[in-house]
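Numbering-wise, UniProt numbering puts 147 at position 147 of the sequence shown, and it's gapless, one number per residue.
Hints are supplied without guarantee of correctness; some may be wrong.
For lysine to aspartate or glutamate, the following EDC-like pairs were computed, each having C-alpha atoms within a straight-line distance of at most 16 Å [claimed, not checked]:
{"hint": "1", "residue 1": "K82", "residue 2": "D127"}
{"hint": "2", "residue 1": "K192", "residue 2": "D225"}
{"hint": "3", "residue 1": "K192", "residue 2": "E229"}
{"hint": "4", "residue 1": "K349", "residue 2": "D127"}
{"hint": "5", "residue 1": "K349", "residue 2": "E538"}
{"hint": "6", "residue 1": "K192", "residue 2": "D222"}
Using C-beta positions, here's what the derived DEER-type ranges look like [what the hints assert, rightly or not]:
{"hint": "7", "residue 1": "E123", "residue 2": "V158", "range": "37 to 45 Å"}
{"hint": "8", "residue 1": "P395", "residue 2": "A231", "range": "43 to 51 Å"}
{"hint": "9", "residue 1": "L56", "residue 2": "F250", "range": "30 to 38 Å"}
{"hint": "10", "residue 1": "A23", "residue 2": "A173", "range": "30 to 38 Å"}
{"hint": "11", "residue 1": "Y414", "residue 2": "G446", "range": "19 to 27 Å"}
{"hint": "12", "residue 1": "L540", "residue 2": "G393", "range": "23 to 31 Å"}
{"hint": "13", "residue 1": "G203", "residue 2": "A66", "range": "58 to 66 Å"}
{"hint": "14", "residue 1": "E123", "residue 2": "L540", "range": "49 to 57 Å"}
{"hint": "15", "residue 1": "D433", "residue 2": "T197", "range": "29 to 37 Å"}
{"hint": "16", "residue 1": "V224", "residue 2": "A60", "range": "56 to 64 Å"}
{"hint": "17", "residue 1": "G215", "residue 2": "F427", "range": "46 to 54 Å"}
{"hint": "18", "residue 1": "Q5", "residue 2": "A173", "range": "19 to 27 Å"}
{"hint": "19", "residue 1": "G215", "residue 2": "V163", "range": "17 to 25 Å"}
Hints in this document: simulated from the structure, not taken from any laboratory.
A virtual CB, placed ideally from N, CA and C, is assigned to each residue, including glycine.
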Amino acid sequence: MSITQLYGTTLARQWRGGLVLLACSALEGAPAFFSGRLVELAVDRGFAVGEPKAGLGYLALFGVAAFAGAFGSRLVWQQLGKVVEPLRDALVTAVVRGVLHDPNPPRNGADASGVARITQHVEVVRDATAGLLVQARAMVVTTAAAIAGLLTVAGQLVVPVAVPVIASIAGFALLLPALARRQRAAVLADEKTAETTGAVLGGMRDVVACGGEPGAALAVYDAVDCQAEAAVQVARSGAARSLVISLGAFVPLIASLAVAPGLVADGELTAGAALGALVYLATTMQPALRGLAATASTVVLRLLVALGRLAETAEVPPTTPGTEPARGTDLVVRGLTFRWGAAAEPVVKGLDLDLRAGDHLAVVGPSGIGKSTLAGLLTGLLTPQAGHVALGGVPVAEAANRHDVIALIPQQAYLFAGTVRDNLGLFAPTAADEHLTNAARAVGAGPLLARLGGLDGELGHEAEGLSGGEAQLIALARVYASSARVVILDEATSTLDPAAEARAERAFTERGGTLVVIAHRLSSAVRARSVLVLDGRETLLGSHAELLVHSPRYAALMQAWLPAEPIRTGR
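Make the full structure from the sequences, and use the hints.
Encoded structure:
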C-alpha cells in the first residue's frame, strides 16, 4: 500500500463524517443559489412596482438562507476533526515506521529530517485536507450554486461569463506543473535546513573543540540561502497565478456590466434580473472562483508535494500483518546466524533450538555476547543472515498473529502518561478490571497498585515518581494480562530484588505458555528447566546440572556468582 492509497483508504473509512459534510454542503449552498434570485424578486415584484414590504420580505428570505448557510458551516467544523485526525495518526505511524526502519540512519544523533517530516509534512497533509474539506468543498458548492442560479435569472449572460472563466482556468492549469516543482523545491530546501542545523547544533561541542565554527556557520548559511531562494520562486509563481485568476474573476463581471444595460433596454432582461446576475457574479461567484483557485494552487499543491515526500521515506504497513496466522505457539529455530555488519563475527551462529508450550528457557552468557540479539531474532524484530525462526510452522516475521502470540519485555520498561488501567490494559484493552488487578498481584505488583490508588491512579510523564523496579513490575503485569503465550524477558527484572524476580518468573511459569528469560542473575538459570549458554565460541543447551559438568564457561560463571548470591531453586 502506497502513501496515496493509505491517504485515500483512511479517508474512506470516515464515510459517516463524509455524509454529514455532504448534507452540510446543501445548507452552505443555499445563500449562493437563492441570493440573485431573491434580489431579482425583491426588485421586480417589490421595490420596482411600489411594494416595499414585498421587497423587504424577499430580502428577509435572503437573510434566512444566509443563516442556513452559516449553520451548515458550523456543522462542518464540528465534523472536521472526526475525519482529519485519524488521517494524521495513520500518516505519523507510517513516518515513524520509515524512520525506525531506515537502512542508513544518522549516526550518533537525532534524525532531524525525520522530525521535519512528522512536524511539517504530516501537518501540511492534515491542514491541506482540512482546507479542502472546508474551503475548497464550500467554494465548489458555492460556484456551482451561483452558476445554477445565474441560469435561472439571466441565461443570456452565461456566454460572456463562461468564456473568460474557462480561459482563466486553462491558463491556471498550464501554471500548475511549474508551481508544483517550485513547491517541492521549497519543501526539500526546508528539510535540508532542518537536517543541517540539527547536525550542527547536535555536534556543537565537537565543532567548537575542533575550531570548526566558520565551516559550520557557512553550511547553515548556505542551507538558509537555498531555502530563501526557493521561497522567492514560490512567491513569483504565486504572483503569476494571482494575475491569471484575477482575469477570470473580473472579466466576467466587466463583460456583464457592459452587456446587461443593452439587454435591459431591449426588454430581454428585467432590471431585477440584471441586478440579481450582478449579485451572483460580484458577491458569490467572483470570490468563490478566486478562493477556489487560491486553494487549488496552494493547498492542493502543498498536499501533493507533502504526500510525495512522505511516500519517499515513510513505510506503510501491509494490508495484513503477515501472510498467515501461526498454527500454534511452538518456536523452531534452525541454522540461525546473525552478525552486526558484513565483516563482523556472528553473534549467533548456526543455532538450532526447539521451544514447546510450557518450556522455560534461560539464556546466559557474558555481557554483549548476543543475548538481546537472540531475543530480537526470536520475536522477528531482527532478520537473520542465515537460518530461520518459525512460530507455529510460519516464519515468525510473517505470522499474522505474531503480536498476539509473542510478547517481549525489554530492560527499559515503557510506561506512558495515563491511568494505571490504561498501562496495564495496553495489550488487553477489553479485559475486565478484575483480570488486570489479578495480573498485577500475580507478578508481585499488588502493593504498588494499592499505593498508586488502584486502576484509576494516574501515572505521570515517563512514569515520574516510580523507581525502575516499579516500572518493570507494571510492564510485567501488562504482559501477564495479555493473550501472549510466548513471553521473552530481556533482563526485564534487572532492577528487582532477587525475591521479587523469582516471584515474577514463577508467576509466568505457572501462567502457562513458553517463557524465555535473558538472565540478569544466574539464579534465573537455576530455576529454568533448560539453559542456553552463549559464550562466543560455542553454544550449549542443557539443564543446570548438565551444564555444570559439560560447560566450563557455565561452571566458571556459576562459580563467580555463587559467593555473591545464594541459589534459589524454589518455584
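Here's how the hints hold up against the structure:
Taken as a hint, the K82 and D127 pair is honoured in the structure, with Cα atoms around 14 Å apart against an allowance of 16 Å. Pair hint K192 plus D225 holds up; C-alpha atoms about 11 Å apart against a cutoff of 16 Å. The suggested pairing of K192 with E229 holds, with an alpha-carbon distance near 13 Å, which does not exceed 16 Å. Distance check on the hinted pair: K349 and D127 sit about 51 Å apart at the alpha-carbon level, beyond 16 Å; violated.
In summary, the hint linking K349 to E538 is supported, as the alpha carbons are separated by about 9 Å, within the 16 Å threshold. For the suggested pair K192 and D222, the alpha carbons sit about 10 Å apart, so the restraint of at most 16 Å is met. Between E123 and V158 the CB atoms are about 42 Å apart, so this pair conforms to the stated range of 37 to 45 Å. Roughly 49 Å separates the CB atoms of P395 and A231, a value that falls within the hinted 43 to 51 Å.
At roughly 31 Å, the beta-carbon separation of L56 and F250 lies within the given 30 to 38 Å, and the hint holds. Roughly 31 Å separates the CB atoms of A23 and A173, a value that falls within the hinted 30 to 38 Å. For the hinted restraint 19 to 27 Å between Y414 and G446, the CB-CB distance of approximately 22 Å keeps it satisfied. For L540 paired with G393, a C-beta distance near 27 Å keeps the hint of 23 to 31 Å intact.
Between G203 and A66 the beta carbon distance is about 59 Å. The supplied range of 58 to 66 Å therefore holds. Between E123 and L540, the C-beta spacing of about 54 Å keeps the proposed range 49 to 57 Å intact. Remark: the range hint 29 to 37 Å for D433 to T197 is contradicted by a beta-carbon distance near 49 Å. At about 57 Å, the CB distance of V224 to A60 agrees with the hint of 56 to 64 Å.
Distance hint for G215 and F427: a CB-CB separation of about 49 Å, consistent with the stated range 46 to 54 Å. Separation of Q5 from A173 is about 25 Å and conforms to the stated range, judged on CB atoms against 19 to 27 Å. Distance hint check: the CB atoms of G215 and V163 are about 59 Å apart, inconsistent with the given range 17 to 25 Å.
Comparing the model with each earlier hint shows violations of hints 4, 15 and 19; every other hint is respected.
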